[in-house]
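2 protein chains.
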Amino acid sequence: MNLHAIHHLPDANYAYPYDKETLHLRLRTAKDDVNQVTLHAGDPYEWKSGGGGGNLNAEGAMGWVYEEIVMQKEASTDLFDFWFAEVKPPYRRSRYGFMIENDQQKVFCGDTGLFVLDADNEAAVLGHIGNYFCHPFLNAADVFETPEWAKNTVWYQIFPERFNNADPTISPEGVLPWGSEDPWWYTFFGGDLLGITEKLDYLVDLGINGIYLCPIFTSPSTHKYDTEDYFEIDPHFGTKETFRQFVELAHAKGIKIMLDMVVNHCGYNFGPWQDVLAHGENSEYKDWFHIRNFPVSRVEEEGLPNYDAFAFSKRMPKMRTENPAVRDYFLKVARYWVEEFDIDGWRLDVANEVDHVFWREFRKEVRAVKDDIYILGEVWHDANPWLRGDQFDAVMNYPLTNAINDFIAKDKMTAKEFVDTIARVQVMYSRNVAEVNFNLLGSHDTARLLTLCNDNKQKALLAYTFLITQPGSPCVYYGDEIGMNGGNDPGCRKCMVWDEDLQDHDMFTYFKNIINLRKKHPALRSIEMKWLATGDEEVLLFKKIAPNETIYVVINNSDAIKTVDLSTILTDNHTDLLTTKTLASTSETTILPYTALWLK
Amino acid sequence: MNLHAIHHLPDANYAYPYDKETLHLRLRTAKDDVNQVTLHAGDPYEWKSGGGGGNLNAEGAMGWVYEEIVMQKEASTDLFDFWFAEVKPPYRRSRYGFMIENDQQKVFCGDTGLFVLDADNEAAVLGHIGNYFCHPFLNAADVFETPEWAKNTVWYQIFPERFNNADPTISPEGVLPWGSEDPWWYTFFGGDLLGITEKLDYLVDLGINGIYLCPIFTSPSTHKYDTEDYFEIDPHFGTKETFRQFVELAHAKGIKIMLDMVVNHCGYNFGPWQDVLAHGENSEYKDWFHIRNFPVSRVEEEGLPNYDAFAFSKRMPKMRTENPAVRDYFLKVARYWVEEFDIDGWRLDVANEVDHVFWREFRKEVRAVKDDIYILGEVWHDANPWLRGDQFDAVMNYPLTNAINDFIAKDKMTAKEFVDTIARVQVMYSRNVAEVNFNLLGSHDTARLLTLCNDNKQKALLAYTFLITQPGSPCVYYGDEIGMNGGNDPGCRKCMVWDEDLQDHDMFTYFKNIINLRKKHPALRSIEMKWLATGDEEVLLFKKIAPNETIYVVINNSDAIKTVDLSTILTDNHTDLLTTKTLASTSETTILPYTALWLK
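The listed protein sequences derive, respectively, from chains A and B.
Numbers given in our numbering equal positions in the first sequence, counted from 1, plus 45.
Numbers given in our numbering equal positions in the second sequence, counted from 1, plus 45.
Keep in mind that the hints were calculated from the coordinates and are not lab data.
Keep in mind it's a predicted model, so treat the numbers as computed, not measured.
Possibly wrong hints are sitting among the right ones.
Where chains are identical, the list cannot tell them apart; a pair therefore holds if satisfied intra-copy or between any two copies.
Claimed, not checked - Derived lysine to aspartate or glutamate pairs resembling EDC-like cross-links, with alpha carbons at most 16 angstroms apart:
#1 K457 x D148
#2 K65 x D400
#3 K65 x E367
#4 K196 x E293
#5 K359 x D212
If we strip away everything but chain A, and leave its shape as in the complex, we get:
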């Protein structure tokens, strides 16, 4: 057996309380190296001789009572297999270990390491409770509670300056006619909140039930990630009253609202920073920032700032969140928009560069105001340190984005690499996270999907078709559904196209269909996913499994018409949910280029 590959961690995505009764456990082994893994799990104090013991030092003590649970193979990457089991410890305490077997060996994996078992040592190894991993107590306070509604949400991300200009009276000076040219970093088109409100029925029609709004607080820029006033709506977007009406109407239509906040840094015009510029070392706000020396660099000066900033941008001074005054200020902001406007989520910009202590307080404070608020951190890399239940519910799931875009949009990844990468994403976090993670194919920070697809619309649709089958909450970046394209910022921030002659109605109809199917079919949202072989490397097949439903997904990520034999997998006739066509159980199922089948 490949001992080097065997891995468990009594922590993070490998061992966690899924709910108040259930512990989830994972084990990693080398790929195809192991026939069976059996979890041994029991209460440390339950012995055949009767409960009440407690001397865990007893060595080779026999008679410890434990369950044996055969683990399921959950996912496989190029190197590894991942095994999963859940256990409901009757007294909420668990000691557990893994019996790993193949034709040659039996290996025990526990807290003190690996033991290759034989007739001589097996009883002693298994009988010593100190050899087992420990999840000491399933305390309710440690359970990772994510909002139930987020599991069934389809988001729509809006860059407000570019969605719809409904009130020209509040547009910035020099505003350009809507969509009259491609945007530049400093060009305004006058998108506003009323504009979004007026399009809510459009979103309802599409099937959207969550809107993620990029920042709307006062700021001089088009993107507003350089906040001037965290307690005010940007006057070019509207007033608090416009915002209130927007949220109320959205809620009435069953749509959740998530705002975007930047705690990491402020804008140059933020009052406290302006005070530092004016008063230098005498400013009462000097400890709100990370200033290395005075006077602080001016934006018009050359060179790097003499204070910490976002990247090296003088316009975005980094906040000192370990200062209690700063912490209290941002916690007040966080509570304010929930308390006053009843928003449903916070998306947190550059969340990874802010300290964990702050985020723990943040969760506590906003959850105290609204107990099912969704907390989404912008973290592009492995985010386990933020995803243990004490900070965020979810992150911008760019590892999934990259896999889909590299495979479908860019043809940079083989089918095998794609399957491996999806498996890696699948086991990257706890299932609590996977159920609500924020799945996207593009954002205001990336080139648009259609552009990555070289404007091949069928590829873009296939990418969304796959995204929709993944657990979590998928997001449509505004305009993707009608065929908008655009390169990296500012290209991806074009004005939304409202001229119906310029919208792709077939795409819209397709999006509407897959969104509604997802909402209707639990299997499409489910965690459980098993890949099956098709005999054709370019045709992928997997099944999604919910308690009362199984859906088979077939993907042809090639420019050729493919014929696959599904007769062994599906013995009866079956319906392609995407087309509603009934397909016979035949050995020659046809699948068009860059399309999918959802067979039920």
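Put chain B on the given structure of chain A with help from the hints.
For chain B alone, coordinates are given in the frame of chain A:
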């Protein structure tokens, strides 16, 4: 290269802020599989084209500025090598990856996985910043601050009922004459706080500078882990005034005081539990516990309790620490003994079964009162989930205990297994923890070392001699220093022997010597430890390295006189610190059975 073995985690013991400027990074590879590991680490926004970028999506973007740091092999187990490096990111942000090389291959390990590099892909893999791990910002709030003093502390653990009875007027009814018989679970001998105070000079003579006191709050038992009143000193131990004088005198003699508190469960006599017993469902304290149904089981009834308890003990109902009232109560207790009596540490019993949320609050509260208080959790297994800087400073380091006892005391472990296990312990936690971890060879919960050694005193001394060379803060269990023995509880809780005729004075002198040498020689306390070959499997040799000092430790864990060739290692004459003898650099250094040399 063995790809399955390569492991890094941007978290826990693999990546952590050591101090406000320094990031520590570790990588694991298969043992003896790799020639060199080079850390690449840079600021994500620093590019040759000039700072200020920020588009981390750029693919294959060249010109990212990073340092290359050759990693040091820190430790080796039977299966793995561990590599270590520290980096001081100039702007406190880090993206980093590992270049791993052997004669056959060059492999890059980063956030997106492993890449076997070749001429075709190397530039693309290394040029894509998304492939690197991320430690986004070294925020001061996330730095794990442990008390400086704990690094130089030698603890002495006292079981108060059995240390010294100085005030017979407060002894419990039916108290037995001191040491007149071996203890049973319910026999009292009248040890008290005045008794400890009177022996402070004895401890000063031994070289002790920290006392860990088992619980002293009011309780009916001998061990007092079933607390009746968390705000009172047990009347058989003394009064608050006795305790205050004890702490003040200890402090005057340079001794820190650590108390033991049980948050996990209370005693049967605890007021709130008595209220539940009296008023059942109408008790205002019913939500202080985890009660499954009413009326609650009586201690005199058969069967398991119908409420959660420590193990299944009806006498020890588990506290519901997620209840804010319970949390506030215990936080008040925690603050009280620090504020009022200036204690220096809290040892937390059954700490692993209490929720993490509580412990985070606990740290915040007690550190606000005393910023260098030492927080020690009782966790016997992998404790990383409690050791990220937000909860405990240290844990009862039983994995080290078990290694030393299995190897030296019990002859259950080969020298090779011992070296492997010590290496595993070495890299188990961050260095912040390793520097202050609580290293012990026995406690009130285990059989005494000397008994494990079959009463071979030389072996017991050798075990302590090794313990003292390990980083962290070592602890002497009361009486070990004068040759006390005893089996598992209650055997390990015998009355301290004060009759000088019955004390082993040679042992005492030896303990005193090693304790004082440890305090004097930074190398004995240092983290850095390298094993060297002696050519004799029963003779172990390692060096301990401090910035200005290196000490070689030789251990003969056998019953034979050994001769080892140290001439290649030590070219000059050298002094054995233990005996102060000067030894010539000879190929025939003699080392007696079960002894050590500390060569400088």
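For each hint, the structure was consulted:
| no. | hint | in the structure |
| --- | --- | --- |
| 1 | K457 x D148 | neither (38 angstroms within a copy, 30 angstroms between copies) |
| 2 | K65 x D400 | between (28 angstroms within a copy, 12 angstroms between copies) |
| 3 | K65 x E367 | between (32 angstroms within a copy, 13 angstroms between copies) |
| 4 | K196 x E293 | neither (22 angstroms within a copy, 58 angstroms between copies) |
| 5 | K359 x D212 | neither (33 angstroms within a copy, 70 angstroms between copies) |
Against the hints set out earlier in the document, violations occur for numbers 1, 4 and 5.
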